[in-house]
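Peer 1: One letter stands for each residue in the lines below.
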Amino acid sequence: MKKEQVRIGFYVCHCGHNIASVVDCKAVAEYVAKLPGVVVSRDYKYMCSDPGQELIINDIKEHKLNRIVVASCSPLLHEHTFRTATEKGGLNPFLCQMVNIREHNSWVHTDREAATLKAKELARAAVHRVMFHRELETKKVPITPAVMVVGGGIAGIHAALTLANAGKKVYLVEREPTIGGHMAKFDKTFPTLDCAACILTPKMSEVASHPNITLWTYSEVVKVEGFVGNYKITVKHKPRYIIEDLCVGCGECINKCVYKDPRFPDEFNEGLGKRKPIYLPFPQATPQVVLIDPEVCLKLKTGKCKQTCLEGCQDRKAIDFNQKERFSEVQVGAVIIATGFKTFDAKRIPQYGYGKYPNVFTALEVERMVNASGPTNGHVVLRDGREPKSIGIIHCVGSRDKKTNKYCSRVCCMYSLKLAHLLKEHTNAEVYNFYIDMRTPGKAYEEFYDKLLNEGVHFIRGRVGEVTDWAYAPGEEGKLVIRVEDTLAGFVRRIPVDMVVLATGLEPQPDAADVQRMFNMSCGSEGFFLERHPKLAPVNTFTDGIFLAGCCQGPKDIPDTVAQAGAAAAEALVLIDKGFIEQEPNTAFVREEDCSGCKSCISLCPYSAITFNETKKKAEINEALCKGCGTCVASCPSGSIVQRLFEDEEIFSEIEGLLVDSANGKNFAGQSSGEKRAEVMAK
Amino acid sequence: MKYCYYPGCSVKGTGRAYEESLLAVLNALGIEYEELEDWNCCGATAYMAMDEIKSCVLAARNIALAEKAGYTEIMAPCSACYLVLNKSLRYMESSKPVAETVNKALATANLKISKKIKVRHPLDIILNDYGLDRLKKAVKRPLKEFKVAPYYGCQIIRPYSTFDDQYNPTSMDKILTALGATVVEFPLKTRCCGSSLTGTLPEPGLLCAYIILREALRRGANVISTGCSLCQFNLDGYHDKIEKKWEPVRIPTLYFTQLIGLALGIDEQTLGIHRCIVPLSATIGQPVNS
Numbered sequence: 001m002k003k004e005q006v007r008i009g010f011y012v013c014h015c016g017h018n019i020a021s022v023v024d025c026k027a028v029a030e031y032v033a034k035l036p037g038v039v040v041s042r043d044y045k046y047m048c049s050d051p052g053q054e055l056i057i058n059d060i061k062e063h064k065l066n067r068i069v070v071a072s073c074s075p076l077l078h079e080h081t082f083r084t085a086t087e088k089g090g091l092n093p094f095l096c097q098m099v100n101i102r103e104h105n106s107w108v109h110t111d112r113e114a115a116t117l118k119a120k121e122l123a124r125a126a127v128h129r130v131m132f133h134r135e136l137e138t139k140k141v142p143i144t145p146a147v148m149v150v151g152g153g154i155a156g157i158h159a160a161l162t163l164a165n166a167g168k169k170v171y172l173v174e175r176e177p178t179i180g181g182h183m184a185k186f187d188k189t190f191p192t193l194d195c196a197a198c199i200l201t202p203k204m205s206e207v208a209s210h211p212n213i214t215l216w217t218y219s220e221v222v223k224v225e226g227f228v229g230n231y232k233i234t235v236k237h238k239p240r241y242i243i244e245d246l247c248v249g250c251g252e253c254i255n256k257c258v259y260k261d262p263r264f265p266d267e268f269n270e271g272l273g274k275r276k277p278i279y280l281p282f283p284q285a286t287p288q289v290v291l292i293d294p295e296v297c298l299k300l301k302t303g304k305c306k307q308t309c310l311e312g313c314q315d316r317k318a319i320d321f322n323q324k325e326r327f328s329e330v331q332v333g334a335v336i337i338a339t340g341f342k343t344f345d346a347k348r349i350p351q352y353g354y355g356k357y358p359n360v361f362t363a364l365e366v367e368r369m370v371n372a373s374g375p376t377n378g379h380v381v382l383r384d385g386r387e388p389k390s391i392g393i394i395h396c397v398g399s400r401d402k403k404t405n406k407y408c409s410r411v412c413c414m415y416s417l418k419l420a421h422l423l424k425e426h427t428n429a430e431v432y433n434f435y436i437d438m439r440t441p442g443k444a445y446e447e448f449y450d451k452l453l454n455e456g457v458h459f460i461r462g463r464v465g466e467v468t469d470w471a472y473a474p475g476e477e478g479k480l481v482i483r484v485e486d487t488l489a490g491f492v493r494r495i496p497v498d499m500v501v502l503a504t505g506l507e508p509q510p511d512a513a514d515v516q517r518m519f520n521m522s523c524g525s526e527g528f529f530l531e532r533h534p535k536l537a538p539v540n541t542f543t544d545g546i547f548l549a550g551c552c553q554g555p556k557d558i559p560d561t562v563a564q565a566g567a568a569a570a571e572a573l574v575l576i577d578k579g580f581i582e583q584e585p586n587t588a589f590v591r592e593e594d595c596s597g598c599k600s601c602i603s604l605c606p607y608s609a610i611t612f613n614e615t616k617k618k619a620e621i622n623e624a625l626c627k628g629c630g631t632c633v634a635s636c637p638s639g640s641i642v643q644r645l646f647e648d649e650e651i652f653s654e655i656e657g658l659l660v661d662s663a664n665g666k667n668f669a670g671q672s673s674g675e676k677r678a679e680v681m682a683k
Numbered sequence: 001m002k003y004c005y006y007p008g009c010s011v012k013g014t015g016r017a018y019e020e021s022l023l024a025v026l027n028a029l030g031i032e033y034e035e036l037e038d039w040n041c042c043g044a045t046a047y048m049a050m051d052e053i054k055s056c057v058l059a060a061r062n063i064a065l066a067e068k069a070g071y072t073e074i075m076a077p078c079s080a081c082y083l084v085l086n087k088s089l090r091y092m093e094s095s096k097p098v099a100e101t102v103n104k105a106l107a108t109a110n111l112k113i114s115k116k117i118k119v120r121h122p123l124d125i126i127l128n129d130y131g132l133d134r135l136k137k138a139v140k141r142p143l144k145e146f147k148v149a150p151y152y153g154c155q156i157i158r159p160y161s162t163f164d165d166q167y168n169p170t171s172m173d174k175i176l177t178a179l180g181a182t183v184v185e186f187p188l189k190t191r192c193c194g195s196s197l198t199g200t201l202p203e204p205g206l207l208c209a210y211i212i213l214r215e216a217l218r219r220g221a222n223v224i225s226t227g228c229s230l231c232q233f234n235l236d237g238y239h240d241k242i243e244k245k246w247e248p249v250r251i252p253t254l255y256f257t258q259l260i261g262l263a264l265g266i267d268e269q270t271l272g273i274h275r276c277i278v279p280l281s282a283t284i285g286q287p288v289n290s
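If you read the sequences in order, they're chains F and B.
Letter by letter, the first sequence follows residues 1 to 683 of this note's numbering.
Letter by letter, the second sequence follows residues 1 to 290 of this note's numbering.
Derived by calculation from the structure, the hints in this document are not laboratory data.
A hint or two may mislead.
To be verified - Here are the in silico distance ranges between beta carbons for each label pair: (1) 136/B to 345/F: 28 to 38 angstroms; (2) 94/B to 110/F: 23 to 33 angstroms; (3) 250/B to 355/F: 28 to 38 angstroms; (4) 250/B to 258/F: 37 to 47 angstroms; (5) 218/B to 403/F: 52 to 62 angstroms; (6) 246/B to 453/F: 36 to 46 angstroms; (7) 104/B to 606/F: 49 to 59 angstroms.
As the list claims (entries may be wrong) - Quick partial rundown of chain B residues pointing at chain F, CB under 8 angstroms, derived from the structure: (8) 165; (9) 167; (10) 168; (11) 187; (12) 211; (13) 215.
Don't be surprised by glycine CBs; every beta carbon is placed ideally from N, CA and C.
Here chain F stands alone, though its shape is the one from the complex (with noise of 0.2 angstroms):
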């Protein structure tokens, strides 16, 4: 494949000291210099700022380079970048080879010699690479102008209101039967105290009437194929036994519901309230359609009702008793995951006696009882009715601890703080806040700590050993006593309390894993989303045409998941508003002469890209569809698929660029590195 004389230039980072602490830049550089082919070699401070590219731009002029090898960072950082200098200079993008001698090599490494020797091993094997590089054009393919945002939190109403106010197709998808998110459960939002249906509802209704949202609740991703720019995405709709484009809200069907009162438990209010089988979730649920819940629904059940409520909704004949789940396939451009998060079921901690001592609460039950629609019409009070008159909040339920989960859920220190002010005004009650640390790290958030220490609620710093109800003094009778270590005071307290708040943490929901291989993403040691880096791409996933928002991807109040919403929906909207994707030229094709039709590639293409030419009887690639993965050449019998940048030669001739020392003089025959390794290591 050499056609015209090779000649090379070589760059070494020192990446400031992160590479050059380690590896001998210099002396790799030297190494380089005397390998076959090798024009220019140099080493620089750093190769990505302008000097470093103008390197590479005027040696490819001057000396008349054709190939260029950059041993810096990690290619997914910079090997853009380098591509472009190499473009600049006047050459194919595609002729220029990364070899990365900074996560691979310095930043794993002490030992410098032989960090350095590595470093010689890897630019060598590049050198003889780059040899066989030839010049690729990149691809662009159209893509699918529209977004599905799954999940309808505030995260997903602000991506999706984002997305469409810029005029762009938005699929909102929503499995519960409304948008809202757990925001929606809120009574108040720290550190301002205002109220959480006041800002969210506006949001939500202009989520059902923007015409460029579709939205489906009560509906599920249940497939996605296709890769970025053209997704297709399967939906299903499960059934709530209403037409919703008949269901006007009226609620006279709850009215009329055979079940005079409401006495099923009430999803919406954590259990707390009761609903009826026909419901609407909450009096601002949009869309304002109810649904019948088939599990107590008499009709649904067994058959027998008399279906009152059909009289109640009259002529407008939005109850069908014989809904069935249905789907629908839509194609977008990309995709925003907003699938929020479950909170930490506090019964994993037996020791705080959650549902098992009646007066302990989690912090989102108390939330709906402070809320003025909620269960108790905004009246804290204890099972049996009675007002607390000392009520104890305990911090870190199920976050900083080993035990559990390690991570700090970022919300609880500020939202616990929330509670003690609201409860301390509904009740008046002594409050008292356990925690480990106060962690109040926003705006305007250590203020409102310091007027919550000014409102007269305790703080003792320890983390709570048991919530227990044996009373040793007579001032514990009949009340749950909290101990805990004052690790400020330097001893054990009991604190007698009427109500036990536990300020649950939060957790991935509980089909994350589901999701995650579902959208071809990555999660975390602790199940939430992977971002592709933790700075500098916070939104988007390892997959193209994937961004993330909310605390899918990690724990995060309403203004940070607010900001990441909008930056997925800017993520998306760069994607799509382009109107093409350029693609990487590294697609494989099928030398047909040496294809002999036997049609295992077809079936391991992860991307369905390849089809059976029945009258040929080959194998044919659709290059559209290939993303480059390579699972097809490697299982190629007759070895008659090829993928371009991966090619034998290139891949054969770093092998041995690897294994064989063309330095010393021997030319592909001296010493092994093996060898020269364990040479290194002897010293």
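Put chain B on the given structure of chain F with help from the hints.
Peer 2: The following block gives chain B in isolation, referenced to the frame of chain F:
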């Protein structure tokens, strides 16, 4: 399968009634066991505090003896023995240097630890190997008048909760219920009994015991059930001092094996019930005699 019975020192001394009742119950249920020959101290408390490795070696010798004799499971009724034997195994498993040091020491006596050998508590064996269904069938005299506070103490479930929950253990509750007894809700089931503090620093030590005894009475219990000889000793042996300092909290503390024995119809003498300082008759109306 025959269990290797490792008694440890306490059930041969202050906790004699534990051994008496345990063996009587095992015999009655047909659970086979054999006492380990030439066993030695488990390496508990004092050794553990001074030198963990030496303590491990002591414990390991017992395990190695059992291994050499071909046993696969050791039954350790004393909860301190149960813990130290398990702890030694875990240390050796998690640390190569510890394993090497211990095996080196064992080698001087021609012993070694290689295969997996399990150390188990009789609670675990009766609940999970023998089974509740069979136990229920074996009951001859249900413990109808017994309102039991199930008291586990610390070492059976902490730090290693191998067969029960660390915070709310229920294995003894299940066994007692199967015997026909009423189990009272007892939130102090894993609270400290005072341990060896009752001997060294009596004030806080006895307070621990007092709290447990008082709460058991307040919960309506007429007997406390335990699976640890030190717990039994602390809860049963200091009533005079506790009475002087606080108030009388007289409630008998029995080994769970004694309660099983009573339900199986074994006589009190065989079960060592007469060794209790607070007699069973203190709270149970009719003395149970065969």
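Peer 1: Now look at each hint and say whether the structure bears it out.
Peer 2: Results of checking the hints against the structure:
1. 136/B to 345/F: 28 to 38 angstroms: Holds, at about 33 angstroms.
2. 94/B to 110/F: 23 to 33 angstroms: holds (27 angstroms)
3. 250/B to 355/F: 28 to 38 angstroms: Distance hint for residue 250/B, residue 355/F holds at roughly 34 angstroms.
4. 250/B to 258/F: 37 to 47 angstroms: Violated, at about 60 angstroms.
5. 218/B to 403/F: 52 to 62 angstroms: With a Cβ separation near 31 angstroms, residue 218/B and residue 403/F fall outside 52 to 62 angstroms, so the hint is violated.
6. 246/B to 453/F: 36 to 46 angstroms: At roughly 39 angstroms between Cβ atoms, residue 453/F and residue 246/B fall inside 36 to 46 angstroms, so the hint holds.
7. 104/B to 606/F: 49 to 59 angstroms: Given range 49 to 59 angstroms: holds, Cβ gap about 54 angstroms.
8. 165: With a closest approach of 7 angstroms, the residue 165/B hint holds.
9. 167: Cβ of residue 167/B sits 4 angstroms from chain F, so the hint holds.
10. 168: holds (5 angstroms)
11. 187: With a closest approach of 5 angstroms, the residue 187/B hint holds.
12. 211: holds (7 angstroms)
13. 215: Hint holds; residue 215/B Cβ to chain F Cβ min 5 angstroms, cut 8 angstroms.
Comparing the model with each earlier hint shows violations of hints 4, 5; every other hint is respected.
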